[in-house]
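> Chains as they are written, first to last, in the working numbering: chain A, 233 to 521; chain B, 125 to 233.
Hint data in this document are derived by calculation from the structure and do not stem from the laboratory.
Check before you lean on any hint, since a few could be wrong.
To be verified - Some but not every residue of chain B turned toward chain A, in silico, with C-beta under 10 Å:
#  : residue
1  : Met-125
2  : Ser-126
3  : Leu-130
4  : Glu-138
5  : Phe-150
6  : Met-151
7  : Asn-188
8  : Asn-200
9  : Leu-201
10 : Glu-204
11 : Ser-207
12 : Ile-214
13 : Leu-215
14 : Ile-218
15 : Asn-220
16 : Gly-226
As the list claims (entries may be wrong) - Restricting the straight-line Cα-Cα distance to at most 27 Å, the calculated cross-link-like pairs of lysine-lysine (DSS-like) are:
#  : chain 1 : residue 1 : chain 2 : residue 2
17 : A       : Lys-405   : A       : Lys-420
18 : B       : Lys-127   : A       : Lys-410
19 : B       : Lys-127   : A       : Lys-304
20 : B       : Lys-127   : A       : Lys-420
21 : B       : Lys-127   : A       : Lys-483
22 : A       : Lys-318   : B       : Lys-127
Ideal Cβ placement from N, Cα and C applies to all residues, glycine included.
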Amino acid sequence: MKRYLSLTLASVLFVTFTTSCKSTKEFATLAQAGTSYTTAMDRLLLATQEVEIDSTSERLLQDDTASNLSVKQYRNLSDPNEQTIKLIALLRTHVKLLSRYFGLLQELATSNAPGRAKTSINGVIDNLNSVSKEIHGSSLVQANVKSGAGLITSAIISGKIRGALKEELNARKDTIEKELFLQEELLKFLSTELTGELAVIKQTREQRLVIFPLTSETPIANADGWINNRRTILTMSLVSQELNTASNSVKKLREAFGDLVSDKLTLDRVNSLLDDFDSLLTIAEKLKS
Amino acid sequence: MSKEELLSQLRSIELRLRSAEVQAFFMTQSPADRAQLVALRNEISQQISQLANAQFQHLANQLNELSADLNTGIDNLQSELDSLESTIAILNTISNVLGLVGRVIAFIP
Numbered sequence: 233m234k235r236y237l238s239l240t241l242a243s244v245l246f247v248t249f250t251t252s253c254k255s256t257k258e259f260a261t262l263a264q265a266g267t268s269y270t271t272a273m274d275r276l277l278l279a280t281q282e283v284e285i286d287s288t289s290e291r292l293l294q295d296d297t298a299s300n301l302s303v304k305q306y307r308n309l310s311d312p313n314e315q316t317i318k319l320i321a322l323l324r325t326h327v328k329l330l331s332r333y334f335g336l337l338q339e340l341a342t343s344n345a346p347g348r349a350k351t352s353i354n355g356v357i358d359n360l361n362s363v364s365k366e367i368h369g370s371s372l373v374q375a376n377v378k379s380g381a382g383l384i385t386s387a388i389i390s391g392k393i394r395g396a397l398k399e400e401l402n403a404r405k406d407t408i409e410k411e412l413f414l415q416e417e418l419l420k421f422l423s424t425e426l427t428g429e430l431a432v433i434k435q436t437r438e439q440r441l442v443i444f445p446l447t448s449e450t451p452i453a454n455a456d457g458w459i460n461n462r463r464t465i466l467t468m469s470l471v472s473q474e475l476n477t478a479s480n481s482v483k484k485l486r487e488a489f490g491d492l493v494s495d496k497l498t499l500d501r502v503n504s505l506l507d508d509f510d511s512l513l514t515i516a517e518k519l520k521s
Numbered sequence: 125m126s127k128e129e130l131l132s133q134l135r136s137i138e139l140r141l142r143s144a145e146v147q148a149f150f151m152t153q154s155p156a157d158r159a160q161l162v163a164l165r166n167e168i169s170q171q172i173s174q175l176a177n178a179q180f181q182h183l184a185n186q187l188n189e190l191s192a193d194l195n196t197g198i199d200n201l202q203s204e205l206d207s208l209e210s211t212i213a214i215l216n217t218i219s220n221v222l223g224l225v226g227r228v229i230a231f232i233p
């Protein structure tokens, strides 16, 4: 009977422990996906700022070749750039806040507190036994009970973490849903905006660096430079195509958070999100170069 | 027509006005015609930037409305992490006190 009870207790502990580990891992991976997304979004916002400024510069240079520009005409295009810079700074501040939120979720989900609590409780028991030996000449707590207490403490702390994570996500469910919906809108907008501005850069830069040197009477002085410029310019549209594809990934992140709250999320889906956000980061880096 | 559609239409017009063919054609025209083209392109490019910024502003405002609740979540998560640390700190203190008690008892004859 005693053996049966011990086995049952061990099974219950094992199930409690492994269940809480599994769920915590899903929280951790999804929070990691959220952090990757915010990193990619921050870079994308910075890249957008650069593209906006460069496209305006190309417009101004093209107009300057056709007619002399006034200061007012310069300001007409440059002032909105300054406003864009301010708005992007505002958006980046918000993205940093979101990043901090995901970062803390991940920190809580990957906390090593259960392991440290187990070590601490073992220390308490060891010292209790020392005291008991001094007073009664024997240990107060047996070795098997000590290992059980360690496991229980660890499971309780894991359960506490899991409970806190679930409670937090339940409390913030609507905000996260709305936040990720707006992030989806932002990414779609950035995708359209960047596609439009890159098209202007491609067209005007091609004229300035490829067509004009080629059609002018003097031969191209730096042939290798001309080849490199032409290659970079012609492949610019590929980056905006990749961005259009990547903009679907936030929708998947939003759905994954919904599934996490209702316990339907699988790790495979979250892992595929991590790959999506890595691609988004790569695109942002390409845009900046 | 929505703002997005208007923006898209303006972008198409701008691209046509900034094409190599239009540019080459106007380079053969009088300075007055070239100045008119530049003024028109300047106007369209300005409209595009202003419409895009209006959309940026709209999204930034909506996102900022969520900042307060995100901050509450951040405070909540931070206090959970602090509470875990204090649980372990309490366990460690108990362990240390017991260790001390054990050493004191060992000295009592």
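> Could you run down the list of hints and mark each one as holding or not?
Hints, verified against the model:
1. Taking 10 Å as the C-beta cut-off, the interface hint given for B:Met-125 is violated, the closest approach to chain A being about 16 Å.
2. At its closest, the beta carbon of B:Ser-126 sits 13 Å from a beta carbon of chain A; the interface hint therefore is violated under the 10 Å criterion.
3. At its closest, the beta carbon of B:Leu-130 sits 13 Å from a beta carbon of chain A; the interface hint therefore is violated under the 10 Å criterion.
4. Here the hint on B:Glu-138 is kept, as its CB sits about 7 Å from the closest CB of chain A, short of 10 Å.
5. With its C-beta approaching chain A no nearer than about 6 Å, B:Phe-150 sits inside the 10 Å limit, and its interface hint holds.
6. A least Cβ separation of about 7 Å between B:Met-151 and chain A falls short of the 10 Å threshold, and the interface hint therefore holds.
7. Residue-level restraint check for B:Asn-188 holds (minimum Cβ-Cβ distance to chain A is 6 Å; threshold 10 Å).
8. Below 10 Å, beta-carbon pairs count as interface contacts, and B:Asn-200 has one with chain A at about 6 Å; its hint therefore holds.
9. Evaluation of the B:Leu-201 hint against chain A yields a held restraint, the C-beta minimum of about 4 Å falling below 10 Å.
10. Checking B:Glu-204 against chain A by beta carbon gives a least distance of about 4 Å; that is within 10 Å, so the hint holds.
11. Satisfaction of the interface hint for B:Ser-207 is found here, the shortest Cβ-Cβ separation to chain A being roughly 8 Å, below the 10 Å cut-off.
12. Using the Cβ-Cβ criterion of 10 Å, the hint placing B:Ile-214 at the interface with chain A is satisfied: the shortest such distance is roughly 9 Å.
13. Nearest Cβ of chain A to the Cβ of B:Leu-215: about 4 Å, under the 10 Å cut. The hint holds.
14. With a cut of 10 Å, the hint placing B:Ile-218 at the interface with chain A holds, because the nearest CB-to-CB distance is about 5 Å.
15. Proximity of B:Asn-220 to chain A holds as hinted, the smallest CB-CB distance being about 8 Å (cut-off 10 Å).
16. Because the beta carbon of B:Gly-226 sits about 4 Å from the nearest beta carbon in chain A, less than 10 Å, this interface hint is met.
17. Distance restraint check for A:Lys-405 and A:Lys-420: the Cα-Cα separation of roughly 23 Å lies within the 27 Å cut-off, and the hinted pair is therefore satisfied.
18. With a C-alpha separation of about 22 Å, the suggested pair B:Lys-127 and A:Lys-410 falls inside the 27 Å cut-off, and the hint holds.
19. About 26 Å separates the Cα atoms of B:Lys-127 and A:Lys-304, which keeps this hinted pair within 27 Å; it holds.
20. Among the hinted pairs, B:Lys-127 with A:Lys-420 is consistent with the structure: their alpha-carbon atoms are about 15 Å apart, no more than 27 Å.
21. Only pairs whose Cα atoms come within 27 Å are accepted, and B:Lys-127 paired with A:Lys-483 is accepted, the gap being roughly 23 Å.
22. As the CA atoms of A:Lys-318 and B:Lys-127 are separated by approximately 21 Å, the hinted pair is consistent with the 27 Å bound.
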